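J.: In case it helps, UniProt numbering puts the sequence shown at residues 1 to 355.
Incorrect hints may appear among the rest.
The calculated lysine-lysine pairs, modelled on DSSO-like cross-linking and capped at a C-alpha distance of 30 angstroms, are [said to hold, decoys possible]:
(1) K59 to K267
(2) K231 to K106
(3) K223 to K267
(4) K231 to K46
(5) K77 to K231
(6) K223 to K275
(7) K106 to K46
(8) K77 to K275
(9) K246 to K267
(10) K231 to K108
(11) K246 to K231
(12) K59 to K48
(13) K108 to K48
(14) K77 to K276
(15) K276 to K246
(16) K77 to K223
(17) K108 to K59
(18) K223 to K246
(19) K106 to K59
(20) K246 to K108
(21) K77 to K46
(22) K46 to K108
(23) K46 to K59
(24) K59 to K231
(25) K354 to K246
(26) K276 to K231
(27) K108 to K223
Just the calculated beta-carbon pair ranges, DEER-fashion [unchecked claim]:
(28) P342 to A254: 16 to 26 angstroms
(29) L60 to T166: 22 to 32 angstroms
(30) S100 to A254: 40 to 50 angstroms
Hints were generated in silico from the structure; no laboratory data involved.
Predicted model, so just to flag it, every value in this text is computed and none were measured.
Backbone N, C-alpha and C fix where the C-beta goes; we use that ideal spot for every residue, glycine too.
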Amino acid sequence: MRKVPYFFVLIITILLEGCSTHSQLIEPEFAVVRTFFATDRNLTGKTKPGEMFGVERSKLTYGTCDVSIPRDHRMGKLESPSIWRLQFREEPSKHVVLLSTWINSKDKYFTDLAAMVNSAQTRSAFIFVHGYNVTFEEAARRTAQISYDLGFEGASVFYSWPSQGTIPAYTIDEQNIEWSQAHLRAFLVDFFVHSEAQNVYLIAHSMGNRALTRVVASLLTDKPLLRERLKEVILMAPDIDADVFKRDIAPALANSNRPTTLYASSKDLALAASKKVHGNPRAGDSGQGLVIVSGIETIDATAVDTSLLGHSYPKDESSVLSDIFNLIRNGLRPDQRFRLSPIDTEAGRYWKFKQ
1 MRKVPYFFVL IITILLEGCS THSQLIEPEF AVVRTFFATD RNLTGKTKPG EMFGVERSKL
61 TYGTCDVSIP RDHRMGKLES PSIWRLQFRE EPSKHVVLLS TWINSKDKYF TDLAAMVNSA
121 QTRSAFIFVH GYNVTFEEAA RRTAQISYDL GFEGASVFYS WPSQGTIPAY TIDEQNIEWS
181 QAHLRAFLVD FFVHSEAQNV YLIAHSMGNR ALTRVVASLL TDKPLLRERL KEVILMAPDI
241 DADVFKRDIA PALANSNRPT TLYASSKDLA LAASKKVHGN PRAGDSGQGL VIVSGIETID
301 ATAVDTSLLG HSYPKDESSV LSDIFNLIRN GLRPDQRFRL SPIDTEAGRY WKFKQ
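Based on the sequences and whatever the hints tell you, model everything.
T.: Next comes the structure, spelled out in structure tokens:
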């Protein structure tokens with residue numbers, strides 16, 4: 001993550017008193033986080049940063065986004081204008097705002113990405129695959145917020161597939177995430193070849209897990225040398241049929257011998273809608289349908305705030321994000337993370353957040 005001043009956010013006031021000179025520094029009102037993206041959305045021809053990509057299918061496009069994070073940002077929150085606060089336009093000093101979107105050639109993209117990776121001592125990167133009902137702009141903002149809140153050192157990347165960004169378009173999103181799977185695989189292959197990242201973290205939310213889990217399982221089978229560089233796979237409320245996940249996907253992930261964490265929540269609204277549509281439990285459900293599979297570390301996050309997953313439940317806004325911080329930054333497994341309690345069942349062990 002790179003935080004840079006955007007324009008005159010640092011003001012120097014020089015006061016002269018006799019022969020002495022004093023300087024007073026005023027803190028910047030916001031930081032700017034640069035994220036890298038790959039997308040198979042169509043170009044709209046519009047120039048506004050959040051409207052350059054639409055909801056139709058297209059070839060892969062590469063580029064970067066700059067996103068503002070306000071100085072008084074709250075962890076896990078995507079600050080946006082609120083009519084209740086008489087806020088009618090975005091302000092970088094108050095909101096998480098997509099400031100710019102730049103399209104690059106594939107060669108320049110990976111050259112710049114490798115430079116960002118190598119600027120960090122850890123040579124790390126994370127890739128975020130968003131879920132259902134998400135626009136390109138929302139994906140960019142969410143990725144920057146995650147990067148900032150984690151204090152991530154390295155490159156922050158998101159893959160944006162052509163979600164329609166509307167609640168009624170669930171079945172269209174289902175078709176598009178399946179269509180995008182081949183593009184995501186091609187991107188990840190190129191990423192591992194050209195990014196120079198030695199520590200890679202893959203994160204998916206909701207419907208985005210459908211593509212990521214299948215791609216990762218096939219890649220680790222076909223290209224086993226990638227395993228050492230893949231440090232963690234994080235599945236946030238996966239919108240996948242629970243039985244299909246346990247039978248087909250979880251064993252492949254577990255056999256890859258790479259750490260995989262699954263966060264489940266009975267409060268996730270997208271999962272509730274999906275269960276109603278399909279009639280079967282989802283892999284991200286908690287409660288009696290909680291998925292417990294050997295080799296997958298399942299965390300029941302129902303008791304805490306899940307705003308990182310795209311919905312806000314104001315109990316403890318930092319809990320899920322803090323847990324991911326300890327997972328990525330400190331490399332702690334569930335039994336070592338102080339906010340988690342182990343629960344042993346006939347199916348195996350899972351963990352839940354302490355109340």
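J.: Are the hints correct? Go through all of them and say.
T.: Quick rundown of the hints versus the structure:
1. K59 to K267: Violated. K59 to K267 sits at ~35 angstroms, over the 30 angstroms cutoff.
2. K231 to K106: Cα-Cα ~25 angstroms, so holds.
3. K223 to K267: Since the Cα atoms of K223 and K267 sit roughly 37 angstroms apart, the hinted pair is violated (cutoff 30 angstroms).
4. K231 to K46: violated (38 angstroms)
5. K77 to K231: holds (26 angstroms)
6. K223 to K275: Answer violated: K223 to K275 is near 34 angstroms, above 30 angstroms.
7. K106 to K46: holds (21 angstroms)
8. K77 to K275: Cα-Cα ~26 angstroms, so holds.
9. K246 to K267: holds (21 angstroms)
10. K231 to K108: Within the cut-off at roughly 26 angstroms; holds.
11. K246 to K231: holds (22 angstroms)
12. K59 to K48: holds (21 angstroms)
13. K108 to K48: Measuring from Cα to Cα gives roughly 22 angstroms; hence the hint holds.
14. K77 to K276: Since the Cα atoms of K77 and K276 sit roughly 28 angstroms apart, the hinted pair holds (cutoff 30 angstroms).
15. K276 to K246: holds (20 angstroms)
16. K77 to K223: violated (37 angstroms)
17. K108 to K59: Satisfied, since the Cα-Cα distance of roughly 17 angstroms is no more than 30 angstroms.
18. K223 to K246: holds (23 angstroms)
19. K106 to K59: This hinted pair holds, its Cα atoms lying about 12 angstroms apart.
20. K246 to K108: violated (40 angstroms)
21. K77 to K46: Judged against 30 angstroms, a Cα distance of about 28 angstroms means the pair holds.
22. K46 to K108: Holds. K46 to K108 sits at ~23 angstroms (cutoff 30 angstroms).
23. K46 to K59: holds (18 angstroms)
24. K59 to K231: Holds. K59 to K231 sits at ~29 angstroms (cutoff 30 angstroms).
25. K354 to K246: holds (26 angstroms)
26. K276 to K231: It is violated: about 34 angstroms lies between the C-alpha atoms, which goes past 30 angstroms.
27. K108 to K223: This hinted pair holds, its Cα atoms lying about 25 angstroms apart.
28. P342 to A254: 16 to 26 angstroms: holds (19 angstroms)
29. L60 to T166: 22 to 32 angstroms: holds (24 angstroms)
30. S100 to A254: 40 to 50 angstroms: holds (41 angstroms)
The structure does not agree with the numbered hints 1, 3, 4, 6, 16, 20, 26 stated previously, though it agrees with the rest.
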